[in-house]
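Novice: Same order as they appear, the protein sequences are chains F and A. Using my numbering, you'd call the opening residue of the first sequence number 1 and step up by one each time. Using my numbering, you'd call the opening residue of the second sequence number 1001 and step up by one each time.
Cut-off 27 Å, straight-line C-alpha distance, at most; resulting in silico cross-link-like pairs (DSSO-like, lysine-lysine):
| hint | chain 1 | residue 1 | chain 2 | residue 2 |
| --- | --- | --- | --- | --- |
| 1 | F | K133 | A | K1261 |
| 2 | F | K155 | F | K214 |
| 3 | F | K133 | A | K1006 |
Derived from the structure by calculation, the hints contain no laboratory data.
Each chain, written out:
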Amino acid sequence: MTTTTTPQPNTRRPAVVSSARPSTSTVDRRIDDARTGVPALLVDHVTKRFTLGRGRPPVSAVDDVSLRLERGEIHGILGANGSGKSTLIRLICGLLTLDEGRVEIFGLDLERDEMAVKRLINRVSVDAAFFKKLSPLENLSFAARLYGLDAGTGKRDAMAILARLGIGEKRVGRPIEQMSRGMQQKVAIARALLTSPSLLLLDEPTTGLDPRSKLEVQGFIEELRTTHDATIVLTTHDLAEAERLCDRISILNDGRVVAASTPDGLKRLVAERHDQPATLEAAFMTWTGRSLDDDLEAEEDSDDED
Amino acid sequence: MTHELKASFAFVERNFFLTRRYWGWELAFLVYSVAGALSISLIGVEQGSPTLLLSLMIGAIFWNYLSVVFSWIAETIAVERWEGTLEYTFMAPVRRWTQLLGSCSYAIVYGLIHTAAILVVLVLFFPQLHLSQANPATAATFMALGSFSFVGIGMMAAILPLLYVERGAQMCFVLQSCLLLVSGVYYSVDILPPWMQALSHLSPATYVLDGVRQGLIEGTPVTALWGDIWPLLIMAVTFIPLGIWAFGRAERYAKRTGKLKRVG
Ligand SMILES: Nc1ncnc2c1ncn2[C@@H]1O[C@H](COP(=O)(O)OP(=O)(O)OP(=O)(O)O)[C@@H](O)[C@H]1O
Ligand SMILES: [Mg+2]
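Here chain F stands alone, though its shape is the one from the complex:
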């Protein structure tokens, strides 16, 4: 374990407890990190291939992807189905091994500093994976213990986060299988927040939520950034959500980053270069189309933008 660039793990408190406190220390630290040049997440020329059968050529699910997230940033990943978003997320949280490249989280190497890195990250995926016969509280208390929270704190924090997400006390003791998909998804979000991750990986967290729940979750994500010093990677198919939440967006196509910029930057680019309306939808359609003649132009442009 390296001790040279120890990241400051968040104080073990869920965001809800300290809702509206603008933290100057967060900003300070962000400036600090920017100065020392330690990004919250560094994905450096990462490639992952899957072999789908004997004799068939391997599929490059993620192909030479590089990303750099500063602390406190919300980075959106857009792309069509099968473009490699979830694979990228899995690579970052160590559920898949890298074929090529390297990943650093707050300066810690994903493979070398495995345990330290694991403590800093958590993930919410599209499917709410739980022991469905157990209650939200039982599932969350399991997660809390795995991350070293003591039982009492774990339970209190879990209740607070669940309540904040609209899951009342009478629900927390009943089996998860009796909940709707959207409610299960909220419990999944609560599970991730419970461990106070410094880097939160959200893989389509709002897919399947009703409009109000969606707004609630989005509000919560914003709140996480401002009051909780979390850095977030967010994949979504909801372009309005991406626009609302993301500081920067990378568009993936066939495992490659074909465009990366701020939401406004992408809109401007698609209008100027491709004579399209200045919307994220137009950007999505343009860059995730299958013709990729000038596929790296936006990436190059975005570099001189920031």
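We have chain F; now place chain A with the ligands onto it with these hints.
Specialist: For chain A with the ligands alone, coordinates are given in the frame of chain F:
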């Protein structure tokens, strides 16, 4: 270290929650186990041989213990894999031995309680049994020693559900019945063909059952059973590290090939 131990308790607690939630099934499983043990023991009654009765009873009860421990370890992985939570467990900052230690501790406690319940029923059912010369210390020693090697085998078996979601758990049963066949649970291994006898030396259950029978039927003290003890000691100290190592290898393989994924 304290963190790891605490974290391993997470698995104990979670498995306890599962048992509690499925209590109806636990009861049904107990009925199933009792019925199985009874029907085998009754062969001894029919033959009019108290020694055979006791021998079969011991086989049924201890096989039950070993298979319950074994399958709990493999099954918790199977359930996690099935529910998709395994990805989250693997993301958590705990070492793999911590996870396996937690699962195994729970499996042993569960196995002991389950087996004790069967023992009580059988003793009540066969009042003609007299265990006056039995040496319970011998039986307990062998059971404790045998647990270690079965934990190791359980860890290796857990690889199957790790890699094969749908059929992994069933494949564990295949392994279990092969062990049953060669371990002399209901008969002496001497009657097996030579090649099977060779295999029986590799099964810890062979030594456990032999030791327990000697202890309960003949009243032999542990000290006189060194021949059964040392293989178990060797298996205990090799199978557990081997199990952890093999599981780790399988995990790496799964992460390389993308086998952990369920959906999404
Ligand atoms: N475990 C796996 N084994 C084999 N192939 C995989 C695996 N996971 C992903 N792939 C392949 O990698 C590619 C990218 O898949 P991925 O799940 O990352 O896409 P995605 O962008 O998340 O799509 P969606 O929007 O549908 O969630 C697809 O071609 C998929 O078939
Ligand atoms: Mg996906």
